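Trainee: Residues per chain, in single letters:
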Amino acid sequence: MFGKKGSLWILVLAVLLVLSACNKSGGSDSEASSSGQASSPASASAGAGGDKIQFSYMMAGKYINWLKDLKWYPELLKRMNAEVELVNGGDDDSAYAKGLDTKLLSGDLPDAMIVTLSQAEVYGSQGLFLNLKDLIAKDAPNIQKFIDSDEAYKTLITASDGNVYGLPQQYPIITNVPFYRADMFEKAGITSNPKTIQEFTDVLRKLKAAYPSNDFYPFTGRDGYIKFTEAFLAKDNIDENGKVHGIYNVGKSYDLMAPGFKDLIQWYNTMYTEKLIDPEWVLGTQTEESWQTKMLTGKGAISYDFFTRPSWFMNNGGPQNDPKYDIKVMDALNDSQGNPSKVPMAEQRYREDRVFVINAKSEKKAEQILKFMDYLFSDEGRTLMDYGVEGQSFKTNGDKKEFTVKFEEEGNKPLGTPVWNFLQDRLTFPVPSNDAAYYDWMDPLTKSFAADFFGKYAAVAQQIKYSTEQLKERSELVANVQPMVDANLVKFITGKRPMSEWDAFLKEADAQGYSKIVEIDQAAYDAGKK
Amino acid sequence: MQTALKGKPPGARGNVWNKIWRSRLLYLILLPGLIHMLLFKLLPLFGLVIAFEDYNVIKGGIHSIIDSKWVGFAHFEKFLNDGYFWKLLKNTLLLAFFNLLFVFPIPILFALLVNEVRFRKVQRFVQTVTFFPYFISSAVAVSILYTFLSPQGGLVNVALEGLGIQPIFFMAEPGWFRPLYVMLNVWQLFGYNSIIYLAAMTNIDPHLYEAADLDGAGRVSKMFHVTLPSIAGTIVIMFILAIGQIMTVDLDKILMMYNPSVYDTADVIQSYVYRQAFATKGFPNYSYGAAVGLMQSVVAFVLVISANRASKKFSDSQLF
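As given, the protein sequences belong to chains A and B, one line each in that order.
Going by our numbering, the first sequence opens with residue 1, and the numbers climb by one from there.
Going by our numbering, the second sequence opens with residue 1001, and the numbers climb by one from there.
Here chain A stands alone, though its shape is the one from the complex (with noise of 0.2 Å):
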């Protein structure tokens, strides 16, 4: 049909269709390599004896681009004499953590990567990661005299072996906050803010009042709709005698079986009753840029969220949309006993999915690579991280550093361009954090209140370390309890499940294995303590 000429030049496309697939499908890896800095041959002559420090490390695409155009960056490799390539393991958390696995299963690692705390243990003590434990203390004695000056840390380093496969990330102490529309409280005839759950139910009658459009719910928010956990004590906690109460999630989720969490639904179903908190939050359809709309254009007037939001709503369109746009953060609600509320931090104090490893084929760079980080943790590499280069982007007054530039010029820059930034929130080498420099450096509305609010209610929570077959089988099981609560709770709020049924429904969460989940985090406690 062909004849024999067209038919040799079919199969040479045919095989060259073949090897492309094959090379396509082998390629994807190093592409990625390539995706981080000029890449370097790292592993050419990087060793111990080598006067340049060369390393490749990976870490999510995002975090990567952040590195890229932080002014302190290059400075930073300067003075190490480093060249470090960066490694794109996925381009967000979710890609990265996904993808984690099968890179690992790959065995064609770079020589330092990000991890969690888990699989530097497990997979730490079958031979992947080094050990640092001996490394660090050898040549490492800034990040030696952090972890003796710091027990949970050490603790939460120390693997069951007694090994130190990773350092994690200590993350600032920030929380939540609840902020609000001064501009609409003032409308609304509102002169001081709430102090109590009572108060502040109040006060979302007196702007409902004010403001009865149909579409206008006072309380509106993304994400988890379950707040004010700490004011009902009723937050997942590990009190003094060391008992868990709750799916244990340092403080950011709910005691179900709390006297305070029936009151908090009940409450929650009052709210949802009188059309007082936006029933798209709780029921789980409302979008991050629902959210943002409703908050800009007077639909919602309260949230509880990320500390840094009060100044990205004075900042994307409040004022432009409307002049007399105001938001301002009110403190937090005294608990049901008229104490001051302890408030749930963001994120954990030590990243647990932010650890940084060693790869053990790595062995030779090692030395390198700790001497690297090392210099992270010196005083001298802190002030460089959290403050950037003396003269340039900050001055020395008496004792004290003060910032020569500013957040709102340098923070909102468009990707790609470079900045003096310090947002330690972020993720770039997990090193300890300056919690003061890191609020100092933030906007003036966030710098107003984020020292005196944290520090007044700021709550950091004990860490549970897990054994795998903990893991496992607690993974098993939430996968299995958390939907089943989640749509209860929904049930209850909305009124379709009546609260007369609350206690059958913690029997038959309980049944679905909660209190089996609780008992596990307590022997992880238990366990941790010994």
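It is worth saying that the hints were derived from the structure and are not from the lab.
Quick caveat: nothing in here was measured; it's all calculated off a predicted structure.
C-beta atoms are modelled at their ideal positions from N, C-alpha and C, and glycine is treated no differently.
Careful, some of the hints might be misleading.
[Said to hold, decoys possible] Residues from chain B shown here face chain A by an in silico Cβ test under 7 Å; the list is partial:
{"hint": "1", "residue": "Met1171"}
{"hint": "2", "residue": "Tyr1263"}
{"hint": "3", "residue": "Arg1275"}
[Stated by the list, open to error] Simulated coverage check for chain A against chain B, where a stretch passes if three residues somewhere in it have a Cβ under 8 Å from a Cβ of chain B:
{"hint": "4", "region": "94 to 106"}
{"hint": "5", "region": "281 to 289"}
[To be verified] Pairwise CB distance ranges, derived in the manner of DEER restraints:
{"hint": "6", "chain 1": "B", "residue 1": "Ile1165", "chain 2": "A", "residue 2": "Ser500", "range": "27 to 37 Å"}
{"hint": "7", "chain 1": "B", "residue 1": "Phe1046", "chain 2": "A", "residue 2": "Pro414", "range": "42 to 52 Å"}
{"hint": "8", "chain 1": "A", "residue 1": "Leu423", "chain 2": "B", "residue 2": "Ala1139", "range": "22 to 32 Å"}
{"hint": "9", "chain 1": "A", "residue 1": "Asp93", "chain 2": "B", "residue 2": "Leu1100", "range": "33 to 43 Å"}
{"hint": "10", "chain 1": "B", "residue 1": "Ala1139", "chain 2": "A", "residue 2": "Thr297", "range": "17 to 27 Å"}
{"hint": "11", "chain 1": "A", "residue 1": "Asn214", "chain 2": "B", "residue 2": "Ile1204", "range": "54 to 64 Å"}
{"hint": "12", "chain 1": "A", "residue 1": "Glu274", "chain 2": "B", "residue 2": "Val1302", "range": "49 to 59 Å"}
Could you slot chain B onto chain A? The hints should help.
Mentor: For chain B alone, kept in the frame of chain A given last:
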């Protein structure tokens, strides 16, 4: 000798090789495809063995599979004994059943109607327009759905309010989840799926229509007595293939559409396995996921074989 007795002439093997040799270029053309299928379709099936192991990712490469601890049917038993299993199975089957009930026949009806359009340009325009949604990603499609159905300013609820009806929280009502999922699938797929039937219609002998005309058949009559029977074979084949998808749902869409309010109807086997695989703490449970996936595949395989046999028995059409 025995071979000869069974009816194969002596030298039959030689004839086969001769035939292959004579068509060697064609077989060479086939070779890359065969190699590709072997490497990328058949060999990976070996990985299914992890469903019977406690897969340990750390050993690396093939050793992860070979050296992992053998646990037999433990993962299958665990899933079948899970208290949540029946609810997940019910949700999965109902969602897939309704999907099949509407997504399968609508393209056939649409193709029949489009085939009746006399103006070729109009026909092509309609085909093109209905084809477009296929290229819209699930994320965008679900976002459009959210926007249209929002209780606060969504077009549908604005219309309902205009008619004096209270806004409905479509995306938060468990009862609405299945209809919305199916409607979204119909919207995205009916244009694309109808192409196969339209292609089958182009092969219908025009003489059949002329004969029907002579018998005084009208357009509707021709549609149901000429066109539809002529594409019956294609419909049966497509139906058998669709049966194989009965345990499969569009996980992307479900993950984007589900929320605590609709867990009662939206939580399916795949979303459950996904939650387990990507728990916020711990390690992906590959073996468990593989076991559940394998179970689904076996059920689908049995269904396809049964449907094929039924088709063979009751009609002339069969897939294999």
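Trainee: Given the hint of 22 to 32 Å, check if A:Leu423 and B:Ala1139 actually sit that far apart at their C-beta atoms.
Mentor: Given about 28 Å between the Cβ atoms, the range holds.
Trainee: Are three or more residues of the region 281 to 289 of chain A within 8 Å, CB to CB, of chain B?
Mentor: Since 4 is at least three, the answer is holds.
Trainee: Is 42 to 52 Å respected by the C-beta to C-beta distance linking B:Phe1046 and A:Pro414?
Mentor: holds, 48 Å
Trainee: With 7 Å as the cut and Cβ atoms as the points, is B:Met1171 at the interface with chain A?
Mentor: Hint holds; B:Met1171 Cβ to chain A Cβ min 4 Å, cut 7 Å.
Trainee: Let's test the interface hint: is any C-beta of chain A closer than 7 Å to that of B:Arg1275?
Mentor: Nearest chain A Cβ about 4 Å off; hint holds.
Trainee: A closest beta-carbon separation below 7 Å is what the hint needs, so does B:Tyr1263 meet it against chain A?
Mentor: holds, 4 Å
Trainee: Do A:Asp93 and B:Leu1100 keep their Cβ atoms within the hinted range of 33 to 43 Å?
Mentor: holds, 37 Å
Trainee: Between A:Glu274 and B:Val1302, is the Cβ distance one that fits in 49 to 59 Å?
Mentor: holds, 54 Å
Trainee: Given as covered by chain B, does the region 94 to 106 of chain A meet the bar of three residues or more with CB within less than 8 Å?
Mentor: Since three or more residues must qualify, the claim that chain B covers the region 94 to 106 of chain A holds, with 6 doing so at under 8 Å.
Trainee: Could you see if the CB distance from A:Asn214 to B:Ile1204 stays within 54 to 64 Å?
Mentor: holds, 56 Å
Trainee: Determine whether the Cβ-Cβ distance between B:Ala1139 and A:Thr297 falls within the hinted range of 17 to 27 Å.
Mentor: Hint holds: Cβ distance 25 Å, inside 17 to 27 Å.
Trainee: For the hint 27 to 37 Å, verify it against the beta carbon of B:Ile1165 and that of A:Ser500.
Mentor: holds, 31 Å
Violation of the numbered hints given earlier is absent; every hint is satisfied by the structure.
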